[in-house]
Amino acid sequence: MANYEPWSEDRARGVIADHANIEGAGLPVLHALQEVFGCVPMAAEPLVASALNISRAEVHGIVTFYHEFRRTAPGRHVLRVCRAEACQAVGADAVGAHVRSSLAVDWHETSADGAVTLEPVFCLGLCATGPSALLDGKPVGRLNAAKVDRMLETLS
Amino acid sequence: MTRIFIPRDVAALALGADDVAAALAGHAEIVRTGSRGLFWLEPMIEVETPEGRIAYGPVEVSDVAALLADGLLTGAARHLRLGVPEQIPFLARQTRLTFARCGIVDPLSLDDYRAHGGFEGLDKARVLGPVETIATMLASGLRGRGGAGFPTGIKWKTVAEAKGARKFIVCNADEGDSGTFADRMLLEGDPFSLIEGMAIAALAVGASKGYVYTRSEYPHGIDTFDKALVIARAAGILGADFDIEQRVGAGAYVCGEETSLLESLEGRRGQVRAKPPLPAHKGLFGCPTVINNLVTLATVPCILRDGAPAYQAIGMGRSRGTMPIQLAGNIRHGGLFECGFGVTLGELVNDIGGGTLSGEPIRAVQVGGPLGAYFPPDLFDTPFDYEAFAAKDGLIGHGGVVVFDDTVDMARMARFAMEFCTVESCGKCTPCRIGSVRGVETVDKILAGQNVDANLELLRDLCHTMKFGSLCALGGFIPYPVLSAMNYFPEDFRPAQRLAAE
Numbered sequence: 357m358a359n360y361e362p363w364s365e366d367r368a369r370g371v372i373a374d375h376a377n378i379e380g381a382g383l384p385v386l387h388a389l390q391e392v393f394g395c396v397p398m399a400a401e402p403l404v405a406s407a408l409n410i411s412r413a414e415v416h417g418i419v420t421f422y423h424e425f426r427r428t429a430p431g432r433h434v435l436r437v438c439r440a441e442a443c444q445a446v447g448a449d450a451v452g453a454h455v456r457s458s459l460a461v462d463w464h465e466t467s468a469d470g471a472v473t474l475e476p477v478f479c480l481g482l483c484a485t486g487p488s489a490l491l492d493g494k495p496v497g498r499l500n501a502a503k504v505d506r507m508l509e510t511l512s
Numbered sequence: 007m008t009r010i011f012i013p014r015d016v017a018a019l020a021l022g023a024d025d026v027a028a029a030l031a032g033h034a035e036i037v038r039t040g041s042r043g044l045f046w047l048e049p050m051i052e053v054e055t056p057e058g059r060i061a062y063g064p065v066e067v068s069d070v071a072a073l074l075a076d077g078l079l080t081g082a083a084r085h086l087r088l089g090v091p092e093q094i095p096f097l098a099r100q101t102r103l104t105f106a107r108c109g110i111v112d113p114l115s116l117d118d119y120r121a122h123g124g125f126e127g128l129d130k131a132r133v134l135g136p137v138e139t140i141a142t143m144l145a146s147g148l149r150g151r152g153g154a155g156f157p158t159g160i161k162w163k164t165v166a167e168a169k170g171a172r173k174f175i176v177c178n179a180d181e182g183d184s185g186t187f188a189d190r191m192l193l194e195g196d197p198f199s200l201i202e203g204m205a206i207a208a209l210a211v212g213a214s215k216g217y218v219y220t221r222s223e224y225p226h227g228i229d230t231f232d233k234a235l236v237i238a239r240a241a242g243i244l245g246a247d248f249d250i251e252q253r254v255g256a257g258a259y260v261c262g263e264e265t266s267l268l269e270s271l272e273g274r275r276g277q278v279r280a281k282p283p284l285p286a287h288k289g290l291f292g293c294p295t296v297i298n299n300l301v302t303l304a305t306v307p308c309i310l311r312d313g314a315p316a317y318q319a320i321g322m323g324r325s326r327g328t329m330p331i332q333l334a335g336n337i338r339h340g341g342l343f344e345c346g347f348g349v350t351l352g353e354l355v356n357d358i359g360g361g362t363l364s365g366e367p368i369r370a371v372q373v374g375g376p377l378g379a380y381f382p383p384d385l386f387d388t389p390f391d392y393e394a395f396a397a398k399d400g401l402i403g404h405g406g407v408v409v410f411d412d413t414v415d416m417a418r419m420a421r422f423a424m425e426f427c428t429v430e431s432c433g434k435c436t437p438c439r440i441g442s443v444r445g446v447e448t449v450d451k452i453l454a455g456q457n458v459d460a461n462l463e464l465l466r467d468l469c470h471t472m473k474f475g476s477l478c479a480l481g482g483f484i485p486y487p488v489l490s491a492m493n494y495f496p497e498d499f500r501p502a503q504r505l506a507a508e
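Chains as they are written, first to last, in the numbering used here: chain S, 357 to 512; chain V, 7 to 508.
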């Protein structure tokens, strides 16, 4: 479970400055922001643009191109469930449906109590032990409905 | 104290390896390794005995107390005992060159790496010099393991001869294909092999800087490789003439395409570049760049060490050497199987893989990731070889083999391929960006029984446009899964008839 900091322009400027001077700084800067704030908020875009000497439109284009950059901070836990073919072959569709109904969310959404954000992922490289997921970065294999229930029970 | 080797490969962690390690701590000296790649046996632990290592698996934390009581530490315990790991048929049948150390060594121990032949390739390259090193790569017949199969030696020669203020070695570790995990296993289990391979490439072409672009979905691999870089710098292996930096992707499948990856490394949207210019002439930051897949680079050291003839002697046709094949999906014995080219698809999924995990008959096998064709059992005699798969309108890609049993609905898989393309298209070219959206709509109409004949013809025509009109392999190869599903499983696209038959 990650503890993200609330948005702070000063903090963001510091984070950006730490990475802005390397070659091809775009992704490293955005990753660093998301690590601190749990997302790359809109308010960060002009700061990144100014530090990297590119237009805000260009920054917006980069942030929105990559699936992993969130625009709002996630819930207290992030559950990333694989939806790719190898996991589909062993029932990932049913697991995904069960998670969505259990949490009463769709993909990319956070449960009403703010506990869990559900994100789809296309392959974790755990293709012989699926269906697979990462819960707060921890890998879980051979998922089924019962295992999902036990896993979700532990989250608050 | 007896040493017990326990994988820290993510697949082993997903099945509880950390809990097993915690339960054994205090009873033995625990060494964490990569995985041998026998995933149905994970967590597979190995006890060091005077007679060599003895493997046990799959070990659950609830098994530990009984195993200890029965003599686990001397290899005497019978329960879950697999014996000498190298004699397990799945391993005994392999030719492990690229994966020779994976699962055996502590991935972050330079002593282990050296004790298992590490850095002998780099030493050899230093003696040979750039020209002879490239000649060795050319003679080995090694082709790009990312999927395109371009001869590595030719790529290196082009970069060596190109003029540039700076030159780069870029490792493509954006292993996005479902059913593949070879790059991940090496990052986690033998990271120094990649460092050595990149150092050899740098020496051969005159590069001073290397980048490894790793997908963000591999947090454990990223962490291990970063640690390996720190160790290699401290030991003076990196830093003076050549250094490596790891960069992390952000969930875009298309960044596995080499020009898109370079755009991403430069900090932009991962949009595909038109070729020419080739990356070998104008690659990263406009400089001559070797961009190779991780498995390709990690294979370089053993080729230099053992010589080109030894590597070239393995394989079939123009596919030389070994391929780390990844058996995945609904398969009983899933894992990493490295062998010479030429093994047939049927041997892989039936003899070696043991058929489906569910026990139902195999209906389809997708080879080469989301852009690979679905092969029915009728094509199981196809040998694993770049040209043989291409001749049957398929591809071997990065070596992923995903098995489906007879519950799979192939029209839905065709729809998924198109849907995947809508999500992952970089948007630069129209056939891929618009074509994939139209593809999803057309499959939906077919599934709803609307003008099925006309829409099937339209879908075929659309695939033709995407195949020949797209800028890169994403839009260009998505027709492979779609057309193969239509050609080999036509009944799934006729829902009305299917219902009537039932």
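Careful: at least some of the hints might be erroneous.
Quick partial rundown of chain S residues pointing at chain V, CB under 8 angstroms, derived from the structure [said to hold, decoys possible]:
id, residue
1, L383
2, A442
3, G481
Read the hints as simulated data drawn from the structure, not as lab findings.
We treat Cβ as the ideally placed atom computed from N, Cα and C, and that holds for glycine.
Each hint tested on the structure:
1. With a least beta-carbon distance of about 6 angstroms to chain V, the hint placing L383/S at the interface is held under the 8 angstroms criterion.
2. Interface restraint check: A442/S against chain V, minimum CB-CB distance 4 angstroms, threshold 8 angstroms, status holds.
3. With its C-beta approaching chain V no nearer than about 4 angstroms, G481/S sits inside the 8 angstroms limit, and its interface hint holds.
Checked against the numbered hints listed earlier, the structure breaks none of them; every hint is satisfied.
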